[in-house]
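Mind docking chain E on chain R? Use the hints.
Residue strings, one per chain:
There are 2 protein chains.
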Amino acid sequence: MKIITKDQINKILPSIDILPEIEQGFKAYSEGGAVIPPVGELILDKGEVHIKYGYITGDKFYVIKVASGFYGNPELGLPSSNGLLLLFSQVTGELACVLLDEGHLTDIRTAVAGAIAAKYLAPEEVTRIGIVGTGIQARLQLQYLKEVVACRQVMVWGRGHKQLNSYKAEMEKLGFNIETTLDPSYITEKCNLIVSTTPSKVPLLQSGALMKGTHITAVGSDTKEKQELAPSILKNADLVVADSIKQCLERGEIFKAMEAGLLKEEDLTELGHIISGSAEGRTSDRQLTVADLTGVAVQDLKIASAVYRSSTD
Amino acid sequence: MKIITKDQINKILPSIDILPEIEQGFKAYSEGGAVIPPVGELILDKGEVHIKYGYITGDKFYVIKVASGFYGNPELGLPSSNGLLLLFSQVTGELACVLLDEGHLTDIRTAVAGAIAAKYLAPEEVTRIGIVGTGIQARLQLQYLKEVVACRQVMVWGRGHKQLNSYKAEMEKLGFNIETTLDPSYITEKCNLIVSTTPSKVPLLQSGALMKGTHITAVGSDTKEKQELAPSILKNADLVVADSIKQCLERGEIFKAMEAGLLKEEDLTELGHIISGSAEGRTSDRQLTVADLTGVAVQDLKIASAVYRSSTD
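So the sequence lines, in the order shown, correspond to chains R and E.
Note that the working numbering numbers the first sequence so that position 45 is 45, with each residue one more than the last.
Note that the working numbering numbers the second sequence so that position 213 is 213, with each residue one more than the last.
Isolated chain R (complex conformation) (with noise of 0.2 Å):
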């Protein structure tokens, strides 16, 4: 039995190529290949606990993922994501690896969904990047945006110039040229390619302005509780895409648009069947198009199996 730090799992990322790991992953799952339960879910007084578990069939491990979130953290100094991987064997049950990533893998693979999505979705010709939030979901989106989208204009949205400064300071750093804005209308009038990424429990983004062609990627809401974007931006997209059809129904964006009634099961399309070319992605670019990304235990049990892998290297 391994166990791996967070440190040991920061120098082994740059060397693994996790993009089309965690493709792999959504098209067994939309396959049909793989087991995965519904997400356990535990509330707590200061913060909230999600276990995401499961495994494909015919792979060597299967993954129990632990994240929470205690928003009150960083008020202590600490970051509010925290958590922990595990890998077992499907055959003996044995532990076979701890990934103790306090959050980070879950962060990243959450990132490389959104690029994933992007890589699919996005409108050919990205005119300006719109991030929602200047948290580290934020900071990772737009940083793996960057393999697959030539665009380096961005605006983004935060609660105040503190947040927003220190995002443009550090995101500038990658390359990006960083307008900010404290009024999340901007986001929709300004940008093709949006992404939302807080766990805001009230629309921030509203259907009247956005451009035609955009494509909105929500990160932020995993939770029945949670929520980004107005439903009538679901209601009004031309292709609406759920990481797990399954897990949109109970939660996040797509559920919110089906409990206000703008929305059925049969508008959504899962992101593994146009990543296998099984379904369509976008088909021009005045399509409004709407990835609702909830995390699903693939993205965990692929990352994690990829990270594991190169330690052992």
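Hints are computed from structural coordinates only; laboratory data are not their basis.
A virtual CB, placed ideally from N, CA and C, is assigned to each residue, including glycine.
Hints are not guaranteed to be accurate.
Unchecked claim - Quick look at which bits of chain R chain E covers, simulated, 3 or more residues with Cβ under 8 Å:
1. 131-139
2. 188-194
As the list claims (entries may be wrong) - Under the rule of at most 30 Å between Cα atoms (straight-line distance), these lysine-lysine pairs were calculated in the DSSO-like manner:
3. E:LYS224 to R:LYS60
4. E:LYS224 to R:LYS6
5. R:LYS60 to E:LYS60
6. E:LYS2 to R:LYS2
7. R:LYS224 to E:LYS60
8. R:LYS46 to E:LYS224
9. R:LYS201 to E:LYS60
10. R:LYS46 to E:LYS246
11. E:LYS2 to R:LYS224
Positioned in the frame of chain R, the structure of chain E alone reads:
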């Protein structure tokens, strides 16, 4: 963050008085002071995995426990049980401790729950203890019963002479007088404190020959499929006790008897209520009582916390 290995756990265990800890856990659970979501379950080709998690309000930690059974493992020279326990801060979500118990603490807390059930429900004069099964849980149940029951006469049922002889040899060293049988009806005929510990999917014990005043604790069934007791045993019982009523409505002997239409939710009493005195346990030496123990995360929380505390003393 602390990592405690199975060897270290085994060194710490004898110094802890676990029974009162687990009693407190059941009490908190039944009195509504605990948050315990439904059990997570993963079914694989070669085994099954249970994820139990939750917390007691105001306590220091929340717990996530992984325990698996891969029943073909013994043929590979490996134990069938595996798993680990994780303690996280309720305040920040930070991982406090990984207990690499390989399923051992689950085995122990299950045996301790059996002892607690016997403490409150066994007839005053136990004439012979009946054990169904010869595995690790069959051994631990007897070992922990020693603390609460004076009787040292035991009859054990098993599937073969080899397993029975090995059980007899090991348990006689603890001061028990062990008779063996290949016929489970001898257990119901000759014992008035019975503990069933197998992963059987067909009832092993029938109601016909049960002695007056018998208490049966069933610990083997913790899924919708497994079953050791004929449902008529629960129907005929004067008192049916669940470790968690909510959980037993969905798995275990109580689930099976309810499915058969022989038991109703209002027939059930929760163990924690008997411990706290808010519900009656056994009231006469002629009653037939049954305790169905499917395993509750409060037990995992309490045993993991106790081991962690002792490890830092």
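Checked hints:
Beta-carbon proximity to chain E at under 8 Å applies to 0 residues in the region 131-139 of chain R; the threshold of 3 is not reached and the given coverage is violated. Three residues within the 8 Å Cβ limit are the bar, and the region 188-194 of chain R against chain E gives 0, so the coverage statement is violated. For a cut-off of 30 Å, the pair hint linking LYS224 (chain E) to LYS60 (chain R) stands: about 27 Å separates their Cα positions. Of the pairs offered as hints, the one joining LYS224 (chain E) and LYS6 (chain R) is violated, with about 39 Å between alpha carbons and a cut-off of 30 Å exceeded.
In summary, the hint linking LYS60 (chain R) to LYS60 (chain E) is not supported, as the alpha carbons are separated by about 36 Å, beyond the 30 Å threshold. At roughly 15 Å between alpha-carbon atoms, LYS2 (chain E) and LYS2 (chain R) fall within 30 Å of each other, so this suggested pair holds. For the hint linking LYS224 (chain R) to LYS60 (chain E), the alpha-carbon distance of about 27 Å falls within 30 Å, and the restraint holds. The suggested pairing of LYS46 (chain R) with LYS224 (chain E) is violated, with an alpha-carbon distance near 34 Å, which exceeds 30 Å.
A threshold of 30 Å between alpha carbons decides the hint, and for LYS201 (chain R) with LYS60 (chain E) the separation of about 28 Å falls inside it, so the pair holds. At most 30 Å may separate the alpha-carbon atoms for a hinted pair to count; LYS46 (chain R) and LYS246 (chain E) meet this at roughly 26 Å. Distance restraint check for LYS2 (chain E) and LYS224 (chain R): the Cα-Cα separation of roughly 34 Å exceeds the 30 Å cut-off, and the hinted pair is therefore not satisfied.
When held up to the earlier numbered hints, the structure conflicts with 1, 2, 4, 5, 8 and 11 and fits the remainder.
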